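Here is how the chains run, residue by residue.
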Amino acid sequence: MKHHSVAAAALTLLFATATAAAGPGSLSAYSASGKSGQALPVIKETLVAPPDVPAAIHRDYPARVVVQLETKEVVKKIASGLNYDFWTFNGTVPGPLIRVREGDTVELHLRNDPSSHMTHNIDLHAVMGPGGGAAATMTPPGQESVFAFKAMRAGIYVYHCATPPVPMHIANGMYGMILVEPPQGLPPVAHEYYVMQGDFYTTTGYKYTGYTTGAHPTPLLAFDLQKMLKEQPTYVLFNGQEGSLIGDHALHAKVGDTVRLFVGDGGPNLTSSFHIIGQIFDDVQVEGGTLVNHNVQTTLIPPGGAVTVELKTLVPGTFLLVDHAITRAFMKGALGQLVVSGEPQPELYHKVSSGPAPADKAGAF
Amino acid sequence: MGRIAFAMLLALLGSPAYAVARYVKLPAGTFISALAAPNGGPQRVHVAAFWMRVEPATNGEFLAFVRAHPRWQRGRVLPLFAGPHYLAAWRGPLTLGREVRADGPVTQVSWFAARAFCAGEGARLPTWDEWEYAAAADATRRDARRDPARNAAILAAIQASTGSYPGAIGRHRADVYGVRDLNRLLWEWTDDYAAMFPSADSRNPGTGPSLALCGGSALAFFDRTQYALIMRVAALAALRPSEAAPRVGFRCVRNDGE
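Protein sequence lines, in the order shown, are assigned to chains S and R.
Under our numbering, the residue at position 225 of the first sequence is numbered 225, and the numbers go up by one with no gaps.
Under our numbering, the residue at position 215 of the second sequence is numbered 215, and the numbers go up by one with no gaps.
Bear in mind the hints are in silico, worked out from the structure with no lab data behind them.
Among the hints, a few may not be true.
Label-pair distances were calculated between CB atoms; the ranges are [to be verified]: (1) S:H249 - R:R91: 42 to 52 Å; (2) R:P84 - S:K44: 21 to 31 Å; (3) R:A102 - S:T318: 57 to 67 Å.
One side of the interface only, derived from the structure: several residues of chain R facing chain S at Cβ under 8 Å [claimed, not checked]: (4) Y227; (5) I230; (6) L239.
Remember, predicted model here, so these are calculated numbers, not experimental data.
By construction, the Cβ of each residue, glycine as well, lies at the ideal position given by its N, Cα and C atoms.
So here's chain R without its partners, still in its complex pose (with noise of 0.2 Å):
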């Protein structure tokens, strides 16, 4: 229903060029997040079923976003919801330029632009926990994670792909759901990521373990081993919801049933 009313709404802004994304279904699930439980032991994660976009968002259709929304061109949105970084790889507010790809991910847009862009096409942004259940997949598995070989590969992807920008979308297979990308390619926004992971300020010291500090970094993860989910984990809890980085952006996701 909503990707069809979606669909009409870009036949209407005239955008041919970008097809309406794809989205597959999660099925309902549970599991161990990677993330401790308050009192430091496994936290068990129940998830409804819901839809996610197979690839993240790209330059293409952010590029779309803002010409159908001029509130959020660089220049014009306002600073509360997207700091001087927002879309700093783009030649100008509605000019990628020729090293930032319309079919690559975009990247260096804030919380708050994600969001946006993503009700604009009927979605939201996933939840840590949809992401996180998501993620732990791989070509064959559900929950891949105890395989250390699909763990060092991650990490090796991500430690080599080094650069000012993120690799190519959909160079390696579709995981069980048909979700490509989620584990290699960017740290992906996650709509609670602010309230989820520790603060990394010193104004509350004392109110839990900070991911800010050594020790503490290690309280807040139940699964120490997930190195390539713990740094995706610093990367986000670093950011203010208004900064934009040149390595994050995002993907939606939708209820099931709408």
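One chain only, chain S, in its complex shape (with noise of 0.2 Å):
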């Protein structure tokens, strides 16, 4: 209450007047307050592209969070030397994690770029709304959308594109996750990062260059119909492109950090397995609720579902995040990295010896 200061009230007000302007089709009669006529202060989400995730809530009270996004389909990188048509929230796949507290109401922009095939549109997890908020934000190129919902359930949400054809929206890339932290926020931890896993049907198969097309250099991959119908991905990724968490773009810790990460599945069709090749989970928010699992090597994400998981980083070394469905890991390309540096830990890891094997002295024991 105290926080609602005069200046917070003006910048509400202010924020009014400038959708009033944009308008019909605003939310501006909205804005300035919620049912209950008490004035929110509004703050606008600064959005950062995955594996990053905006800096955590510090506030105690709700605010009316300005989110905006925009859908647009852009050719970029599926693999190395492979482009792909992607259809995205704000450019990247996934769109970008989203971050709000339990009883923000969040006020969510969607634009379609102008030059957008599609008409788009966005349904949250997160939100209890029909569609979950697809029904009021069907947006055809060149045009922006505004609802408005309240978070009303701390956890980790999916969100993604449900126009029809709904499964080749998300095929393409369209979606992303939100985050509802709980009113007394997330425990601060060293790093956290936000990975999506996907699966892409293309045309041609995994890591198949043996087309162009005249209009890109780099060969472009078509999306595969039938593919998909018979869910066979040709690649399963995390991110959206193959060593888009690999080498450069690797996640990175030291020893005796506390690593968070927001691991989702866009989908469309295939569970992951999600493991950290040489680490266990310290505890899994399992299926992004309030229950929290313990030790785990391996959790569940299914389509449209979503986790939190946490894990000291105890021992230095290069971490494998993989599907362990793990043909998909080797086969398809769903494969990242965990970099974490620091000191040898010899009592809690370390090679001992290899050589030949001691065929000779069996029975020395």
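Using the supplied hints, reconstruct the complex from the two chains, each of which is provided in its own coordinate frame.
Here is the structure:
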């Protein structure tokens, strides 16, 4: 209450004026106050590209959080030397992680890039309302839709495009996540990262580079409807690109850090058996809900679902993020790296020896 | 009869650059729509014989139309009939500009404007049924929709046409009726689009499958493999009749015997 300063109220009014000027379809009439008539301070959400995550929230009061998303159809790399025509939120797969606090009112602006082919909309699983917002956001190219919802349940939720044909919009990369922090916030950790798995269906097989189209010097893979109907992806990827979390793009931590990962599955079809080779998840927020499981090796993430996992990185080295339906990791791209730097911890892990098998010493024990 | 009258009218208006639009006759027929019947089952549709424009309306033709009918010019048209995106790619109300080809399909026209254009050539917009009936054909078959290769080719063509402007008319073979570019080039207005498709609006929840909802859209289609067609339905359903979109154009039809 005390935080609702004059400045905040003035900001709110300013914003209301600005949206009123934006013309019909804006929520100006509802911007200045909630149903209670009490003004909420307005905060413009700063979005960042995955695997980064917006800063933790340190508020102890609800706000009206304005989120600006833009649906964009972009040709970019799916694997080394290969492009794909992705459909995205804000140009990335997944779309940016939205971070709000339980009790916030989210004012979501969905703009559809004028050069889009498709109408797009958004269904956020954190929304309780028709279509999760989809019904209010069918947006033709060049237009903008706005709707507002109250984030009533803390958790980690998937959002996605729900425009027909829905499976194709999702298969082309139209998903992301929204984190609704509990009122008391999340415990501080050294690193937070954001990863989403998705399955992709291309007319040519994994890493096939046998043809090019005139318009793009890099081969452009096309969507394959039949493979999607059979649920036989050619690529299974973290963050929409093979190598998105490898090498220069690897996730980083130091020995002794606690790392929090927000991991979701956009699908459209495959459930992820998410595992980090050489790590044990200390805590898994099962299915993104309030149940926390401990000491988990592999956690299931269904399409349209998400988990928060926390792990302490005790030993230095490179640790691989995989879908442990392991063909997908080795043959379809579902591979990432967590690089842990720091001093060796021989009491926790060290190699003893290797060499010719001591066959002649059989029975020596 | 109507065609001759229209040709004379055009001649009087002094627009010799644009020949009378060509129409071809489609015979009467019956087909199963990709859209589901209200009970979710197949919807058998009978279509009477009609004449359809061989090609969609072009920028050049639409320019001639707005010259002849100033109340449909950008800047003069009532906002009720055409929103802010109306003909937005044109350089001026009566100027196409370098990037807008006269022989390219006109887009960014509202449903009202498309209707007026068709009325101006003694025609009308097709019903969804007529459009879907015609678009089921390919170069050799009247109903080619069961051919996965044909469906994949259409989908690929739509996906491949990235960029701000639609492609050129006439790059592909005409279909069995002699009609061109029904499936790959544009989303085309139909006369009854607003009534045909489940509402994208949440004001009437529970009144039927809504296209806007993830699950609802699955209930709206009987043939759920016609992805290009489903995209088309989504694109049209999201528009109000005064709105105009960069990939939405139209072609006209006439009743047989007129």
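Okay, the hints, checked on the actual structure:
no., hint, verdict
1, S:H249 - R:R91: 42 to 52 Å, "holds, 44 Å"
2, R:P84 - S:K44: 21 to 31 Å, "holds, 25 Å"
3, R:A102 - S:T318: 57 to 67 Å, "holds, 60 Å"
4, Y227, "holds, 5 Å"
5, I230, "holds, 4 Å"
6, L239, "holds, 6 Å"
Taken one by one, the earlier hints all hold for this structure without exception.
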